[in-house]
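**Student:** Using this note's numbering, you'd call the opening residue of the sequence shown number 1 and step up by one each time.
Hints are computed from structural coordinates only; laboratory data are not their basis. We put the CB at the ideal spot given by N, CA and C, even for glycine. A couple of the hints might just be wrong.
[Stated by the list, open to error] Pairwise CB distance ranges, derived in the manner of DEER restraints:
no., residue 1, residue 2, range
1, 301, 226, 27 to 33 angstroms
2, 304, 49, 35 to 41 angstroms
3, 24, 67, 33 to 39 angstroms
4, 103, 330, 47 to 53 angstroms
[Said to hold, decoys possible] Subject to a maximum C-alpha distance of 20 angstroms in a straight line, what follows is the list of computed SDA-like cross-link-like pairs (lysine to any residue):
no., residue 1, residue 2
5, 195, 84
6, 162, 182
7, 172, 146
8, 17, 271
9, 84, 152
10, 257, 271
11, 312, 227
12, 32, 343
13, 89, 155
14, 162, 357
15, 89, 153
16, 318, 308
17, 104, 66
18, 204, 326
19, 204, 257
20, 84, 68
21, 172, 139
22, 317, 338
23, 195, 276
24, 235, 220
25, 18, 179
26, 312, 233
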Amino acid sequence: MKLIKKVKYHFENMIYKKRFGKKFYLDDYKIKGNNFSGRKLNIITLFHTINTFAENNIIAPLKELGDVDIFELTPVAHSKEWYKYKSQKNRLMLNFVDNITSKKKVDVIMIYITGHGTDMETLKKLREYNIPIISECYDDERKFRSRKGKDGIYRGMKDVCKYFDLSLTTSKSAIIKYLVEGGHPIYKDFAGNEKIYKNLYLEKEYDVGFVGASYGVRGEYINFLRQNGISVYTKGNGWKEGFAEADEMIEIFNKSKIVLGFSTVGKNDDIYILKGRDFEVPFTGSFYITGYHEELKEYFELEKDIETYTSKEDLLKKVIYYLSHEQEREAIAQNGYQKCLQNYTAKKSYEKVFGYLDL
1 MKLIKKVKYH
11 FENMIYKKRF
21 GKKFYLDDYK
31 IKGNNFSGRK
41 LNIITLFHTI
51 NTFAENNIIA
61 PLKELGDVDI
71 FELTPVAHSK
81 EWYKYKSQKN
91 RLMLNFVDNI
101 TSKKKVDVIM
111 IYITGHGTDM
121 ETLKKLREYN
131 IPIISECYDD
141 ERKFRSRKGK
151 DGIYRGMKDV
161 CKYFDLSLTT
171 SKSAIIKYLV
181 EGGHPIYKDF
191 AGNEKIYKNL
201 YLEKEYDVGF
211 VGASYGVRGE
221 YINFLRQNGI
231 SVYTKGNGWK
241 EGFAEADEMI
251 EIFNKSKIVL
261 GFSTVGKNDD
271 IYILKGRDFE
281 VPFTGSFYIT
291 GYHEELKEYF
301 ELEKDIETYT
311 SKEDLLKKVI
321 YYLSHEQERE
331 AIAQNGYQKC
341 LQNYTAKKSY
351 EKVFGYLDL
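Could you build the full structure based on these sequences and the hints that come with them?
**Tutor:** Rendered as structure tokens:
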């Protein structure tokens, strides 16, 4: 099953490139400069499910830019009963938008919902408000299409992207897919919220810390470190220490000499993407090491701002090295912090998007 998914993913990318049929230049889909007016905006945000990442890196920075009205389709991300309530929840969403727009002028609608959560008729009605609609997706590297839902709509962005004025993506390969399907993609830099993920100046208690669920190659790599004498503190679904709340997660980052990250996607061990952790951890002033992939080099100077590994053996070697070279470790942590602070704050990333729309 795992091999079948890999083949389907690579075949999908190949087909879309063929359908696109011309040279692709990423710079054509990047926002250059920050032309945001600075005025206070009225923003509607529509979510399928709100998680910690959304609260910290989407909602919080948007609130710095204006008044934000928030709608959530369901608090349960993967409910088996979802399709029984999908139409009803979408009607409630439209009623929510209608209520807000009847009270004030709305500048922009930000939507964090794919074809799994909404449908074409709902989006057509949203467009009737003549308000710019911006979608944002952080998982379209592997889930641009996904599989068809019970209502015949692809669960990813494939069937719905053409209804958005802009589609923000952090995936290069997805841009071509958006264009083929009639969308209007913009490559948005990953970013973090420096006002939440920050240095608490706590004493280092853990040699290596990891916060996140146990799946894919994570258990294999962490067990390998432990079997070779490295103390690793883990917190998240699937680990015996259990789930970590947002505040506890930031404390763990601060208390770890080395914070471990994984760049693989889900259970796939050969698909690599940028992660929120790549920016959240450096903002805490902590040393960060994650799986190597080419896109990291567009954001960081590797071995200077953050560190990477290419295998569990390489990870072990570098963990041993940096645990015994504190000054070098701390210098890299400080460089990573400065790089993110100067270039990758969530507020600035949204300012650039809104300025692009002359807001």
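**Student:** Would you mind marking each hint as holding or not holding in the structure?
**Tutor:** A quick look at each hint next to the structure:
Taken as a hint, the range 27 to 33 angstroms holds for the pair residue 301 and residue 226, whose Cβ atoms sit roughly 30 angstroms apart. Evaluation of the 35 to 41 angstroms hint for residue 304 and residue 49 yields a pass: the beta carbon distance comes to about 37 angstroms. The hinted range of 33 to 39 angstroms is satisfied by residue 24 and residue 67, whose Cβ atoms lie roughly 38 angstroms apart. At roughly 51 angstroms, the beta carbons of residue 103 and residue 330 sit within the given window of 47 to 53 angstroms.
A distance of roughly 39 angstroms separates the Cα atoms of residue 195 and residue 84; the hinted pair therefore is violated under the 20 angstroms criterion. For a cut-off of 20 angstroms, the pair hint linking residue 162 to residue 182 stands: about 5 angstroms separates their Cα positions. Distance restraint check for residue 172 and residue 146: the Cα-Cα separation of roughly 17 angstroms lies within the 20 angstroms cut-off, and the hinted pair is therefore satisfied. Pair hint residue 17 plus residue 271 holds up; C-alpha atoms about 17 angstroms apart against a cutoff of 20 angstroms.
The suggested pairing of residue 84 with residue 152 holds, with an alpha-carbon distance near 14 angstroms, which does not exceed 20 angstroms. Distance check on the hinted pair: residue 257 and residue 271 sit about 28 angstroms apart at the alpha-carbon level, beyond 20 angstroms; violated. About 12 angstroms separates the Cα atoms of residue 312 and residue 227, which keeps this hinted pair within 20 angstroms; it holds. Proposed proximity of residue 32 and residue 343 is supported: the alpha carbons are some 13 angstroms apart, at most 20 angstroms.
Distance check on the hinted pair: residue 89 and residue 155 sit about 16 angstroms apart at the alpha-carbon level, within 20 angstroms; holds. Simply put, residue 162 and residue 357 have alpha-carbon atoms about 17 angstroms apart, close enough for the 20 angstroms limit, and the pair holds. Proposed proximity of residue 89 and residue 153 is supported: the alpha carbons are some 16 angstroms apart, at most 20 angstroms. Distance hint between residue 318 and residue 308 is fulfilled; the C-alpha atoms sit about 9 angstroms from each other, no more than 20 angstroms.
Note on residue 104 and residue 66: the hinted pairing holds, with a Cα-Cα distance of about 13 angstroms set against a maximum of 20 angstroms. The straight-line distance between the Cα atoms of residue 204 and residue 326 is roughly 12 angstroms, inside the 20 angstroms bound, and the hint therefore holds. With a C-alpha separation of about 6 angstroms, the suggested pair residue 204 and residue 257 falls inside the 20 angstroms cut-off, and the hint holds. Restraint check for residue 84 and residue 68: the C-alpha separation of about 29 angstroms exceeds 20 angstroms, so the hint is violated.
About 12 angstroms separates the Cα atoms of residue 172 and residue 139, which keeps this hinted pair within 20 angstroms; it holds. Distance check on the hinted pair: residue 317 and residue 338 sit about 26 angstroms apart at the alpha-carbon level, beyond 20 angstroms; violated. The hinted pair formed by residue 195 and residue 276 meets the criterion: a straight-line CA distance of about 15 angstroms does not exceed 20 angstroms. Pair hint residue 235 plus residue 220 holds up; C-alpha atoms about 16 angstroms apart against a cutoff of 20 angstroms.
Taking the CA atoms of residue 18 and residue 179, the gap is about 12 angstroms. The hint holds against a cut of 20 angstroms. A hinted pair counts as satisfied when its Cα atoms are at most 20 angstroms apart, and residue 312 with residue 233 qualifies at roughly 17 angstroms.
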